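Spelled out, the chains give:
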Amino acid sequence: MDVILFLLFAIIAVVCAINVVVQTHPISSALSLVGVMGSLAVLYLLLGAEFIAAAQLIVYAGAIMVLFIFVIMLLNAGAEGKRGRSFMASLLGVPLLVALLGLLAYFVQRVFPTARVHFGGFKGGSPRDVGLALFTTYLLPFEITSLLILIAIIGAVVLARKEMD
Amino acid sequence: MSSTLLGIPSFYIIALIKIAIVVGILLQVLAYLQWVERKVIAHVQVRPGPYRVGWHGLLQPLADVIKLITKEDMIPPFANKFFFLLAPFLAVFMALLSIAVIPFGPMIDVAGHQTYMELTNVNIGVLFILAVSSMGVYGIALAGWSSNNKYSLLGGLRSSAQMVSYELPMSLAIAAPLLLSNSLSLRTIVETQAGSIIHWNVLRGPFPQIVSFVIFLIAAFAETNRIPFDLPEAENELVAGFHTEYSSMKFASFFMAEYANMITVSAMATILFLGGWMAPWPVRYGSSLVPSVICAFAGLILLYHGANAVRARDKKSFPVFGVLFLIVAAGFLAPMVQSWLMPLFWFIAKTGGILFAFMWIRATLPRFRYDQLMAFAWKFLFPVAIVNLLVTGFMVAWFQ
Numbered sequence: 001m002d003v004i005l006f007l008l009f010a011i012i013a014v015v016c017a018i019n020v021v022v023q024t025h026p027i028s029s030a031l032s033l034v035g036v037m038g039s040l041a042v043l044y045l046l047l048g049a050e051f052i053a054a055a056q057l058i059v060y061a062g063a064i065m066v067l068f069i070f071v072i073m074l075l076n077a078g079a080e081g082k083r084g085r086s087f088m089a090s091l092l093g094v095p096l097l098v099a100l101l102g103l104l105a106y107f108v109q110r111v112f113p114t115a116r117v118h119f120g121g122f123k124g125g126s127p128r129d130v131g132l133a134l135f136t137t138y139l140l141p142f143e144i145t146s147l148l149i150l151i152a153i154i155g156a157v158v159l160a161r162k163e164m165d
Numbered sequence: 166m167s168s169t170l171l172g173i174p175s176f177y178i179i180a181l182i183k184i185a186i187v188v189g190i191l192l193q194v195l196a197y198l199q200w201v202e203r204k205v206i207a208h209v210q211v212r213p214g215p216y217r218v219g220w221h222g223l224l225q226p227l228a229d230v231i232k233l234i235t236k237e238d239m240i241p242p243f244a245n246k247f248f249f250l251l252a253p254f255l256a257v258f259m260a261l262l263s264i265a266v267i268p269f270g271p272m273i274d275v276a277g278h279q280t281y282m283e284l285t286n287v288n289i290g291v292l293f294i295l296a297v298s299s300m301g302v303y304g305i306a307l308a309g310w311s312s313n314n315k316y317s318l319l320g321g322l323r324s325s326a327q328m329v330s331y332e333l334p335m336s337l338a339i340a341a342p343l344l345l346s347n348s349l350s351l352r353t354i355v356e357t358q359a360g361s362i363i364h365w366n367v368l369r370g371p372f373p374q375i376v377s378f379v380i381f382l383i384a385a386f387a388e389t390n391r392i393p394f395d396l397p398e399a400e401n402e403l404v405a406g407f408h409t410e411y412s413s414m415k416f417a418s419f420f421m422a423e424y425a426n427m428i429t430v431s432a433m434a435t436i437l438f439l440g441g442w443m444a445p446w447p448v449r450y451g452s453s454l455v456p457s458v459i460c461a462f463a464g465l466i467l468l469y470h471g472a473n474a475v476r477a478r479d480k481k482s483f484p485v486f487g488v489l490f491l492i493v494a495a496g497f498l499a500p501m502v503q504s505w506l507m508p509l510f511w512f513i514a515k516t517g518g519i520l521f522a523f524m525w526i527r528a529t530l531p532r533f534r535y536d537q538l539m540a541f542a543w544k545f546l547f548p549v550a551i552v553n554l555l556v557t558g559f560m561v562a563w564f565q
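Heads up: the protein sequence lines correspond to chains V and U, in order.
Everything in the first sequence is counted per the numbering used here, starting at 1 for the first residue and increasing by one.
Everything in the second sequence is counted per the numbering used here, starting at 166 for the first residue and increasing by one.
If you are wondering where the hints come from, they were derived from the structure by calculation, not from laboratory data.
It cannot be assumed that every hint is accurate.
[Said to hold, decoys possible] Some but not every residue of chain V turned toward chain U, in silico, with C-beta under 8 Å:
hint, residue
1, D2
2, L33
3, I52
4, L67
[Unchecked claim] The calculated DSBU-like cross-link candidates involving lysine-lysine, where the alpha carbons are at most 35 Å apart (straight line), are:
hint, chain 1, residue 1, chain 2, residue 2
5, U, K236, U, K204
6, V, K162, U, K315
7, U, K204, V, K162
Being a predicted model, the structure only gives us computed values, none of them experimental.
Idealized CB from N, CA, C, for every residue including glycine.
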């Protein structure tokens, strides 16, 4: 059952990811990205990391992608045309892509030879564990990250004000 | 759960029965909530409301459904067909999905099988509902965009901006009672509020959550696009907002989604702040007699007015309904139904009370202006929610 669900949602994730690139309309691409986020959340759930799964949905699919779509709708971006496709690109691109995937698979096999996936076997994914780790072991990185995000927000506000003046 | 029935694990059979019951009742409630709302608003405005189809308009929902099904199903010529069809489906799917994790009552015993009165218990139930409700905005935003209509687009834009803004105070308002209950499972949250009304999160020490209850309700109005926050469908500026181009059952899906969202947020408010299915005072002081007393009182009033009837037909109809109410009152006293009917009664009473507040406010308040709406969320609601969460955190850390 777990394997079937894994395969199903892994395939959905990959198909959606390819669709993000292939689609010509920005809204279709953004929604395919939502599909990727959703299937990734299901994969987290299958591993037993339910908090990460929920956070993935709330933060990425529910907030960030809504903002993306909001901006696309606001700018009323239309479909992009396909142009400038050279024959050489597809001639070289496809073998290179296959080679890249093959290398990736080879190195994963080399670096983690004994890796096994245990569905639902992941411990430490509950909200309590995540919170404890975040506020004890990783307190410094957490605070630095929040500072970074604050700087980014202030920077965005400053840049936006300069545009308006 | 290892027992079997006809060779199938009883877990599956119980789950299927529960799904059938919950879905059946939910769809009826969705249809009749609209009738109730029209009646409530009508009576607030001193008019009778739906009165023609059936007794006091009781068959109005059925007539509406028939009307909607038989209407012409239009797709505008320049709409994006795929997303135009996807949007209502998404909206109603996300709205109905949340019901799956709402607990209605404690563990009950049915013919030797013990089961919880809910579809499934997720140990991150609160996060699940937040995630699903934040996905619901796609339905509205896509509907607005794919219709290829400027009013729809403006409605969709307004809706997505509004929902993203009000999600923040809502999440912060939810986080405060979670600190008191120390759990993310909706069932555990209710169970920590057992006892009496002073143990409910809204009144419970060390820091009563009255402020976050009010913030949650305000944000819930905005999240469900209800008056006074129904800017996405403001009819005097935007025709009908995001669903201008929709007709027939696709329009009905948006309607259903709105009412299902209303039920979900009311149930969430009940669970998080009002003690879920817990009675306001213990059984030994007679909390289990409340429904019987209410029904018996209603029955006696009807019998009295039947005896002193003004209109001729009341001489017959009032006593009939009076006796019916007395039978219901006696039914609530039967010991075998007490264990499951009492929790259900309190849960429905609290949820229904909040739903009534939704309708009451719709009948009385005007609509916000759009800049007021945003300023209210970011300059008032959000800071208040943060301060409330901070104070709650300090109090919980200090006293526990």
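### Query
Can you name, in rising order, the numbers of the hints this structure does not satisfy?
1, 2, 3 and 7
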